[in-house]
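Now for the letters of each chain:
There are 4 protein chains.
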Amino acid sequence: MRQESSPASVQPPLSQLPAGLCAAADYARLAPQFIAAPLLAHIDGGSGRDRTATANLAAFERWQILPRLLRDLRHGHTRRTLAGTALRHPLMLAAVAQLGAVHPQAERAVAQAAEATQTPMVLSTLSSLSLEDVAAAGGATRWFQLYLQPQRAATLQLVRRAEQAGYQALVLTLDTPVQTPSHRALRAGYRAPQALPPNLQPMAGLPAAPTAPAPALGADDSRIFQGAMQAAPRPEDLDWLLGQTRLPLWIKGVLHPDDARLLAGHGVAGLVVSNHGGRSLDGAPASLDCLPAVRAAVGPALPLLLDGGIRSGDDAFKALALGADAVMLGRLQAHALAVAGALGVAHMLKLLREELELTMALAGCATLADIGPHCLVAAPGQAHSSPVV
Amino acid sequence: MRQESSPASVQPPLSQLPAGLCAAADYARLAPQFIAAPLLAHIDGGSGRDRTATANLAAFERWQILPRLLRDLRHGHTRRTLAGTALRHPLMLAAVAQLGAVHPQAERAVAQAAEATQTPMVLSTLSSLSLEDVAAAGGATRWFQLYLQPQRAATLQLVRRAEQAGYQALVLTLDTPVQTPSHRALRAGYRAPQALPPNLQPMAGLPAAPTAPAPALGADDSRIFQGAMQAAPRPEDLDWLLGQTRLPLWIKGVLHPDDARLLAGHGVAGLVVSNHGGRSLDGAPASLDCLPAVRAAVGPALPLLLDGGIRSGDDAFKALALGADAVMLGRLQAHALAVAGALGVAHMLKLLREELELTMALAGCATLADIGPHCLVAAPGQAHSSPVV
Amino acid sequence: MRQESSPASVQPPLSQLPAGLCAAADYARLAPQFIAAPLLAHIDGGSGRDRTATANLAAFERWQILPRLLRDLRHGHTRRTLAGTALRHPLMLAAVAQLGAVHPQAERAVAQAAEATQTPMVLSTLSSLSLEDVAAAGGATRWFQLYLQPQRAATLQLVRRAEQAGYQALVLTLDTPVQTPSHRALRAGYRAPQALPPNLQPMAGLPAAPTAPAPALGADDSRIFQGAMQAAPRPEDLDWLLGQTRLPLWIKGVLHPDDARLLAGHGVAGLVVSNHGGRSLDGAPASLDCLPAVRAAVGPALPLLLDGGIRSGDDAFKALALGADAVMLGRLQAHALAVAGALGVAHMLKLLREELELTMALAGCATLADIGPHCLVAAPGQAHSSPVV
Amino acid sequence: MRQESSPASVQPPLSQLPAGLCAAADYARLAPQFIAAPLLAHIDGGSGRDRTATANLAAFERWQILPRLLRDLRHGHTRRTLAGTALRHPLMLAAVAQLGAVHPQAERAVAQAAEATQTPMVLSTLSSLSLEDVAAAGGATRWFQLYLQPQRAATLQLVRRAEQAGYQALVLTLDTPVQTPSHRALRAGYRAPQALPPNLQPMAGLPAAPTAPAPALGADDSRIFQGAMQAAPRPEDLDWLLGQTRLPLWIKGVLHPDDARLLAGHGVAGLVVSNHGGRSLDGAPASLDCLPAVRAAVGPALPLLLDGGIRSGDDAFKALALGADAVMLGRLQAHALAVAGALGVAHMLKLLREELELTMALAGCATLADIGPHCLVAAPGQAHSSPVV
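Protein sequence lines, in the order shown, are assigned to chains A, B, C and D. The numbering of the first sequence is numbering that gives the first Met the number 0, which starts it at 0 and goes up by one. The numbering of the second sequence is numbering that gives the first Met the number 0, which starts it at 0 and goes up by one. The numbering of the third sequence is numbering that gives the first Met the number 0, which starts it at 0 and goes up by one. The numbering of the fourth sequence is numbering that gives the first Met the number 0, which starts it at 0 and goes up by one.
Bear in mind the hints are in silico, worked out from the structure with no lab data behind them. Careful, some of the hints might be misleading.
Each pair may be met inside one copy or between any two copies, as identical chains are not told apart.
Lysine to any residue pairs mimicking SDA-like chemistry, simulated, CA-CA at most 25 Å apart [claimed, not checked]:
1. K349 to L261
2. K349 to D236
3. K349 to A215
4. K349 to W239
5. K349 to Q148
6. K349 to A85
7. K349 to D219
8. K349 to L13
9. K349 to A377
10. K349 to D257
11. K349 to A27
12. K349 to H182
Quick caveat, the model's predicted, so the values are computed rather than measured.
This is chain A alone, in the form it adopts within the complex:
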């Protein structure tokens, strides 16, 4: 993202669709006109030197799609049943923190777009609006993304509120036990509080309970191990949570096939193959590169979502071909929201779905079940890596 624009030069969100779009990904191209540069650096940046965030995108370019001829696709569709839920298409709106920073309607607008396009939406624990407010705004399929809170009571309070507000599943994020800074955001001058409009309460989704005091560190202690990692999720926390709720529990942040196997054994509803959009360990492999081994590890039955790097319908096609049941949209959601609110998000989803349909049509796939590894070929000059154990 090269453009530098002072906050003064940023436009307010449109109330109509932007002109001149070629593709869903063009919302990312428009975003610098609507999001101040420091905030955009925070949204687009990965952790550290953006290596994993960059890898997430590059991974898709290492595959090509094989066109097929003469297929009868008149009854084609993109419907899928995911863990018992009928989906109109395999596109989902990922949990994105503090969307109020880019649009005054925040997650409410996302919920409206989700409802209009029959797209499942995952609300972030760190939402700008309370989970109850977002639930009231609509969204046929609403899931709640959960960070384990330092105290179990606080976690439980969030779970109960999500249950009562009608969220149909929990998505537990496990891949960021420690915060990792983004050099891009830091250099762009991003500072979390100032970037939020004054009328928005950051993290309004969080319970009022005070955060746990930082543990006291000895002289030889590490701020990482004896500090942040004291509150990091451990297997017993997962088991505890599974015992507290009847909501299906998804796990987000899985990359290693052994972790996938372990989690599948715990009885989770499904996994989200994700590296937190490149915002956790800088230098981790691309989500897409990890997908085949995770699918191989858990077998064909366990639902898998792919998160990270989806910018087009052919990206979605490749993820489905390599083992995902559906894909999640994070940054593109924020971009479209900033550009044109609920309308933008709905339009982005519509474009993406049509791009997926177009790719399916040309690849000769009438349904999602027809999409598989046989539809892809490795791009020349590329080796593929996958964490095989």
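With chain A held as given, fit chains B, C and D onto it using these hints.
Leaving out everything else, chains B, C and D in the frame of chain A:
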């Protein structure tokens, strides 16, 4: 194509050969002086982000040609018999739509160049001039490129006109059941109607029959599957067409070896390995990368043409070495036509043939039959992909 | 290093920490403000065309790190016992020549930082201050880097001084029997003597003994073979040295597994896999690329250090995963020293340790023993080389 | 070569060594100050798009050299006996056409440098000075490069003159039966005659005999096959030549192992692995890439020279390691001659020899016989190609 030139700055076509050409590919370098930027973006652009159009070119650079010494090539030539037709050289003029947009003589000029250089020419269904007018202009070997029309009667009318006008073969294009936009052309401001000079009727080759009404879509229907794909070619259409004409039927747009095998079983005359110049599925493999597996799938006898990315005689040599019987020229044809009309197209073909002969001479190949995979070596640092099943 | 700054524009070292650092590697980004361009070209440049210096950095980017979930890391630490010495972390300060050129406190400041951060330090034979002065400045774990002198008596004098000053090990550098110029430094106008501030005696660590006279060369003699290589270390020199001291003897500059095996057989304390920071043979492989084969050659027991290209905690993690017991910091030490003296070096080490801890935490490694090749995956599109014999 | 300089701005050759050289390759960096841009484009350009000329250089960067420790190299040297001739070093001056274009002393200066540095020199058939004049200028080891002339009598006249002038071997160039233009040179405005100073007779080495008339071409004939290739060397020409002279006959331009095997069977003295500096078939593999397979094809005994891309002593080392007995210098010879005449060529050779010695010293090789494939490792991220049959 970086140059931006307003239509006002574009020259009229030359009536003599341009000066300072080093190679046939230089017609592409001159084209921006003769074709307005939006139209050139349309001609040169592939679909989407030009990934496949770019891959078509890059594929040739992944092969190197092995020189040989002391060969007696005094009786060398580039003649070949292709499906019963004697060719002076393995170069063909591909079907290109609406050539009237770049030269007032349109396909007539191409036919004159084809006759002058003894080059087979394929006329597009979407020609600027009627197929009868083009037939009257000459061309020893003329084939007709066919898109199946929404109504079979309209298709049949085209076939009959082609038969009566003396076209010797049909080339059925199957690779674009749905239109895919070019981002490059859209961003350059290309709009189909305005780009055509007012004295030219676009698609004059098409019958007067009205196009089929767009199918009515239900609320849950897809514009792709329940819309465009309703009229897409299906196997029964191919069988129907084969029963309607005695003209040899070639199929254009084959990339997957299974499709090649299937089509060979239907009794077609030959196949054109092509991705529509990167104008259909953006992200499909390069034509050249698919050629070896298609040749392996159909065996040595079925004629194969390679379309996509040929810019020089050594490109043609590589395609022949990897299994093609001849190659097709699309964009370079349009460039040469825009620069210098029939003279330009003929000159481009002459340069290309001499480049091929030069390559053959240095590679020690007296005839096309001497060209094979043993003449090539993979360029270092490159892996090769091929859709092996 | 693009920045060109005249000596006049260079700042004096800070006496406080610089603002706006994102990572330890930022000391390299700040260095041009504190080191005159010719001297910086000498510090940062490798020999010849910088191929090996560049390769040292690139090697780390060919590996990715696999995150793991739900690990209990509350008791994590970075402690390790290396050849009997307890280390707080696997980071060491490499021998760097003439540090007085970048900071008036020279190696004294490094020793203070080493003591403050419990980091082992290796003092260069070519230090700006005498080894006794540096010993007096502190440093819990101090080793002495040794170049064999032309006369054994001079070498022995250095060894005895190091022993008496309490250095706990010797690090014999074997990889630069001949000096190789840096084109970058030469083109930047670097000339050794002028670059040093007048108040500093270069090579104050060297004994007063006169250097050996250059051997007289015959007409057919080579300045390399019959000149410089006359004084180059040979196996008998190593055996002699081992017989002269009870200090553990490390060998620096090993890349080939056969050399590693040979040296292990001589009874050395450990090896430093290094190409002298790319300052010896330009075109030699990256240190990291050689590490796995060296580890395989010597087995799991012999201590190995990795020197060359470490700029971050995840670089250190990768080196440990591929077989190193600890890593050495050279250029980054000089950069941090130039920016902020002892404070800068200590801060750089603290940042680096926390980056390593962060990487360990996200990769699920509680201790250094948990780090291994299973934590890494080859970055896509990369082949790995290793001098297997 | 980016620099554009009008002929007016070009300096006359120096009569002293240039200042500020870091390496032999710096003569190439200085050349634009001494050679007018069009002529330099001709000298530096390969044929076509410079693909092979570029590949010749890139091939060396795909190998790395393994340093070795503790070797006794005090008796090291670079001497070698090549086909009975004792060489001081494995560097040879390749045949370069019309050196009078870059220096008034032309090949005479080269002969003086050859004598001063004990370097074998190959005089081009297309020299600016007669072979007798060059012989009179010195050069301990002088070979004559031969193009077969259209008439055998003319060829024989050249051979006899070479014999009588004391040339000790013939080097028959077989790789350019047809001329191929350089796009770079054409675009730079290079035209052969104008580029030569008026006081120089181009091709003064050629006999006065008139060139053969161009063969008359029929309407269907090819200018390549029925034109230029009529006079191209054939096996019987080689046998004829071998029967006409007792001089050892080397063959230049071999890339394919089958051609190497064939030629070895004809009793030639040795082979030069070369693609004519990338000036023949554009798109042929790099010379270095072909060397291992040629060496494997002819076995260890037949002398092999490597021509193409040598710019440094470590390049020479890599060629020797991969099977060459010596290497040839073409473009660097022209550059050094243009910069500083005989002095420049001699200096360039001295620098190159010392770079080779330095590389040998650091790689632990006392003699050329110690250099082999075990000294190299493939650079990471690189695949290697070789025309295996």
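How the hints compare with the structure:
Taking the shortest Cα distances, K349 and L261 never come within 25 Å of each other, neither inside one copy (36 Å) nor across copies (35 Å). Taking identical chains as interchangeable, the C-alpha atoms of K349 and D236 are never at most 25 Å apart, the minima being 39 Å within one chain and 32 Å between chains. Proximity of K349 and A215 under a CA criterion of 25 Å is satisfied inter-copy only: 19 Å between copies versus 51 Å inside one chain copy. Within a single copy, K349 and W239 get their C-alpha atoms no closer than 39 Å, and across copies no closer than 37 Å, so neither meets the 25 Å cut-off.
Taking the closest pair of Cα atoms, K349 and Q148 never come within 25 Å of each other, the shortest separation being 36 Å inside a single copy and 29 Å across copies. Taking the closest pair of Cα atoms, K349 and A85 come within 25 Å of each other only inside a single copy of the chain (18 Å); across copies the shortest separation is 52 Å, beyond that limit. With identical chains, the CA atoms of K349 and D219 are at most 25 Å apart between copies only, with a shortest distance of 13 Å across copies and 55 Å within one. Taking CA atoms no more than 25 Å apart as the test, K349 paired with L13 passes inside one copy only; the shortest distance there is 18 Å, against 47 Å between copies.
In the homo-oligomer, the alpha carbons of K349 and A377 never lie at most 25 Å apart, since the shortest distance is 28 Å inside one protomer and 37 Å across protomers. When the C-alpha separation of K349 and D257 is checked against a cutoff of 25 Å, the pair qualifies neither within a copy, at 36 Å, nor between copies, at 32 Å. In the homo-oligomer, the alpha carbons of K349 and A27 lie at most 25 Å apart inside one protomer (15 Å), although the nearest pairing across protomers, at 37 Å, exceeds that limit. For a Cα distance limit of 25 Å, the shortest separation of K349 from H182 across copies, 18 Å, qualifies, whereas the shortest one inside one copy, 34 Å, does not.
Hints 1, 2, 4, 5, 9 and 10, counting from the list given before, are not met by this structure.
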